[in-house]
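Asks: One letter stands for each residue in the lines below.
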Amino acid sequence: MKNFSGNILFLDRSDINTDEIIPAKYLTAISKDALKPHLLEDIRLDGFDPQKDIKGKNVIITRTNFGCGSSREHAPWALEVNDIHLVIAKSFARIFRQNMFNNGMMAVGLPSHVIEDIFSMFKGKNTKLETDLDKNTFLLKTNGQEQEVPFSISEFDHALVAAGGWLEYADAKY
Amino acid sequence: MGKTIAEKIFDSHRVDNPADDILVLKLDAVFCHEITTPFAIDDLVSRGKDRVFDPAKIKAVIDHVSPAKDSNTATQGKIIREWAIHHKIHDFFDIGRNGVCHVIFPEKGFVRPGYTVIMGDSHTCTHGAFGAFAPGVGTTDLEVGILKGVCAFHYPRTIKVNITGKTPDGVFAKDIILSVIMRLGVNGATNKIIEFTGPVVDKMSMEARMTLCNMAVEAGGTCGICYPDMTTVDYLWEFIQDEYENKTAALESFKKIISDPDAIYDDVVEHDITRLAPQVTFGYRPDNVKPVKEMEGTTIDQVYIGSCTNGRIEDLRVAAKVLKGKKINDNVRAIVSPATQKIHHQSLKEGILEIFMDAGFCVTNPTCGACLGMSNGVLAKGEVCASTTNRNFNGRMGKGGMVHLMSPATAAATAIAGYITNSQLYTNERYTK
Ligand code: SF4
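Going line by line, the protein sequences match chains A and B.
For the first sequence, this note's numbering assigns the number 1 to the initial residue and increments by one for each residue that follows.
For the second sequence, this note's numbering assigns the number 1001 to the initial residue and increments by one for each residue that follows.
Isolated chain A (complex conformation):
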């Protein structure tokens, strides 16, 4: 099972599309590792420097409709090779969300007001997140502040995470 805990990267925007996550010109890459330096290279986000800001981060928290646009699984792979296995948002584009779980990673939707609270409490601070998959909770921690956030994913999503992805799951079952 993959690691779903670590430092948070806040992307304070909605509708971040897969072209921004990994530009089409890198779709000719022959290995997943080749995607590593190009994650979020073309994102439109003031003050964000992909070279500096991604390093050491393991969890993305963002707003609505993350991963819209092209179906490219290169988007979750670009996250994966950068050790980011969990994205939390108000909502996701369907294909992106499915691609995450299909790779044994997680795209977790939280209610609007919870995301708003997280942004106002933690954005701009060095924040760590710990995931408890048995209790279905996230624990966010920064200097002196702590917040526990419950989440829910379907039993099918849990099964995909436990299996390590859809191929492993389907191959065992069908």
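Hint data in this document are derived by calculation from the structure and do not stem from the laboratory.
All residues carry an ideal CB built from backbone N, CA and C; glycine is no exception.
Among the hints, erroneous ones may be present.
[As the list claims (entries may be wrong)] Among chain A residues calculated to face chain B with C-beta under 8 Å, some are:
1) F4
2) R44
3) T64
4) S70
5) S71
6) E73
7) E80
8) I95
9) G144
10) Q147
11) P150
12) S152
13) A162
[As the list claims (entries may be wrong)] DSS-like cross-link-like pairs, simulated, lysine-lysine; straight-line CA separation at most 25 Å:
14) K1026/B - K25/A
15) K55/A - K32/A
16) K36/A - K2/A
17) K25/A - K1069/B
18) K32/A - K1399/B
19) K1026/B - K1078/B
20) K1399/B - K25/A
21) K1166/B - K36/A
22) K1078/B - K25/A
[Claimed, not checked] With beta-carbon atoms standing in for the labels, derived distance ranges:
23) S152/A - M1001/B: 51 to 61 Å
24) D1021/B - D132/A: 43 to 53 Å
25) T137/A - N1017/B: 40 to 50 Å
26) K173/A - D1021/B: 10 to 20 Å
27) A162/A - K1321/B: 56 to 66 Å
28) D1094/B - K128/A: 47 to 57 Å
29) D1262/B - E146/A: 24 to 34 Å
30) K173/A - P1055/B: 42 to 52 Å
31) D1070/B - Q51/A: 17 to 27 Å
32) S152/A - Q1424/B: 35 to 45 Å
33) L133/A - E1238/B: 52 to 62 Å
Based on the hints, put chain B with the ligand in the right spot on chain A.
Replies: Below, chain B with the ligand without anything else, positioned relative to chain A:
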């Protein structure tokens, strides 16, 4: 309780029900192209599972970068080509016989009403025009589809968009779908299927229905879907004539999957197009849509006519009608990519390509080409393109470039003027000069 067309397709293809509202469906067709499939092939090989569930149900094409532009794209082509040969995938289309996936596969009759179809490409939704459930998927779903012939989906929820009214002159399926996306928003249909119905859709050709369904994903939709009718039967007849006694029998059989009158929808949107003018996008989201008149005068550097949205013969005919006897503006470069070899050939025979060339267009071979900024026709920073494609995302056609989406008629008129403008096909006085 009645069922929608998508619910009926789900019910008839169900293999498993691993969680509450998740169904694993049997697939009737798995489509492949050279950008997303090689990763799936490599992964299957590395796992020692280099098999396909049914070579006759897998169709493959090299279309995104064709001809190959560098060694990476040549390698992608080589991987899918050798795989197709190795697994006896006879419906494999290489350069000289190829075309944009969502145009060539319907043209070959590979999509039928009631089918389940997946492809590692978000615009797979195009095939819903035939009354098929055709969602785009990622590489892992594609991989499992290739290996096992199944895919998992949430039980479908549907938004019905009922298109009514009289279609104004100069207004095309592209203008209609842009106006629908503006209304629904870029995630207005997320996790939902968009059912396109109503008298306007009933009168549309299959080509126009494909343009409509093609952009369902731009509103977040899982796919678009239209009801099969006599237009569908006529289009498919050359491929299905051995299976049915006559066209009426085919129609009767297809009609069984049409939504029941008491089917339950998440939402029903009444969309009257009587007063719709030609539409164009601004900014970087496909729901940033305005009437062309409001963008009139925006200067452009490049015009692109092609893609799975608007590179079909009907589209080229309309553009040629606008271009006939005219020259494009000196400050504009214009590219047309007929979407398949067949369309290329047909437009040559009909004299359409001559009109394009006389006007000053560059005619390319069938390919996705400029649509996704990774092949030819890439924009430089700060350049603006008037395009008949489906995505205006930042950097889509080249880093720092701006894309305005529009119909082929508007794109042709814009090429002549050098700035965004309505075509002479559009006659409403409120909007033309
Ligand atoms: S024409 Fe454009 S949108 Fe269509 S399949 Fe090709 S790259 Fe994708």
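Asks: Against this structure, judge whether each hint is valid.
Replies: We went through each hint and held it up to the structure:
Because the beta carbon of F4/A sits about 18 Å from the nearest beta carbon in chain B, more than 8 Å, this interface hint is broken. With 8 Å as the threshold, the beta carbon of R44/A comes within range of chain B, its nearest partner Cβ sitting at about 6 Å, so the hint holds. Annotation: T64/A was flagged as interfacial toward chain B, and the flag holds, the nearest CB pair being 7 Å apart, inside 8 Å. Because the beta carbon of S70/A sits about 5 Å from the nearest beta carbon in chain B, less than 8 Å, this interface hint is met.
Among the interface hints, the one on S71/A holds; its C-beta lies about 4 Å from the nearest C-beta in chain B, closer than the 8 Å criterion. Checking E73/A against chain B by beta carbon gives a least distance of about 4 Å; that is within 8 Å, so the hint holds. Among the interface hints, the one on E80/A is violated; its C-beta lies about 12 Å from the nearest C-beta in chain B, farther than the 8 Å criterion. The beta carbon of I95/A comes within 6 Å of a beta carbon in chain B, closer than 8 Å, and the hint placing it at the interface holds.
A hinted interface residue such as G144/A counts as satisfied when its beta carbon comes closer than 8 Å to some beta carbon of chain B; here the least separation is about 36 Å, so the hint is violated. Hint status for Q147/A: violated, given a least beta-carbon distance of 27 Å to chain B, over 8 Å. Given hint, P150/A at the interface with chain B, is violated; its Cβ is 19 Å from that chain's nearest Cβ, farther than 8 Å. Below 8 Å, beta-carbon pairs count as interface contacts, and S152/A has none with chain B, the closest being about 12 Å; its hint is therefore violated.
Annotation: A162/A was flagged as interfacial toward chain B, and the flag is violated, the nearest CB pair being 13 Å apart, outside 8 Å. Under the criterion of a C-alpha separation no larger than 25 Å, the hint pairing K1026/B with K25/A is inconsistent with the structure, at around 33 Å. As the CA atoms of K55/A and K32/A are separated by approximately 17 Å, the hinted pair is consistent with the 25 Å bound. A hinted pair counts as satisfied when its Cα atoms are at most 25 Å apart, and K36/A with K2/A qualifies at roughly 18 Å.
For a cut-off of 25 Å, the pair hint linking K25/A to K1069/B stands: about 12 Å separates their Cα positions. Distance hint between K32/A and K1399/B is fulfilled; the C-alpha atoms sit about 22 Å from each other, no more than 25 Å. Distance restraint check for K1026/B and K1078/B: the Cα-Cα separation of roughly 29 Å exceeds the 25 Å cut-off, and the hinted pair is therefore not satisfied. Distance restraint check for K1399/B and K25/A: the Cα-Cα separation of roughly 10 Å lies within the 25 Å cut-off, and the hinted pair is therefore satisfied.
Straight-line distance between C-alpha atoms of K1166/B and K36/A comes to about 52 Å, which puts the hinted pair past the 25 Å bound. For the hint linking K1078/B to K25/A, the alpha-carbon distance of about 19 Å falls within 25 Å, and the restraint holds. A beta carbon spacing of about 28 Å between S152/A and M1001/B contradicts the range 51 to 61 Å that was offered as a hint. The given range of 43 to 53 Å is broken by D1021/B and D132/A, whose C-beta atoms sit roughly 25 Å from each other.
Separated by about 28 Å at the C-beta atoms, T137/A and N1017/B break the suggested range of 40 to 50 Å. Distance hint for K173/A and D1021/B: a CB-CB separation of about 18 Å, consistent with the stated range 10 to 20 Å. Restraint check, A162/A to K1321/B: a C-beta distance of roughly 58 Å satisfies the suggested window 56 to 66 Å. In this structure the hint that D1094/B and K128/A lie 47 to 57 Å apart at CB holds, the actual value being about 51 Å.
D1262/B and E146/A have their C-beta atoms about 52 Å apart, which leaves the hinted 24 to 34 Å range violated. Judged by the Cβ atoms, the range 42 to 52 Å given for K173/A and P1055/B is violated: they are separated by roughly 23 Å. The hinted window of 17 to 27 Å between D1070/B and Q51/A holds, with their beta carbons roughly 25 Å apart. Between S152/A and Q1424/B, the C-beta spacing of about 56 Å breaks the proposed range 35 to 45 Å.
Distance hint check for L133/A and E1238/B: the Cβ-Cβ separation is about 54 Å, which falls inside the suggested range of 52 to 62 Å.
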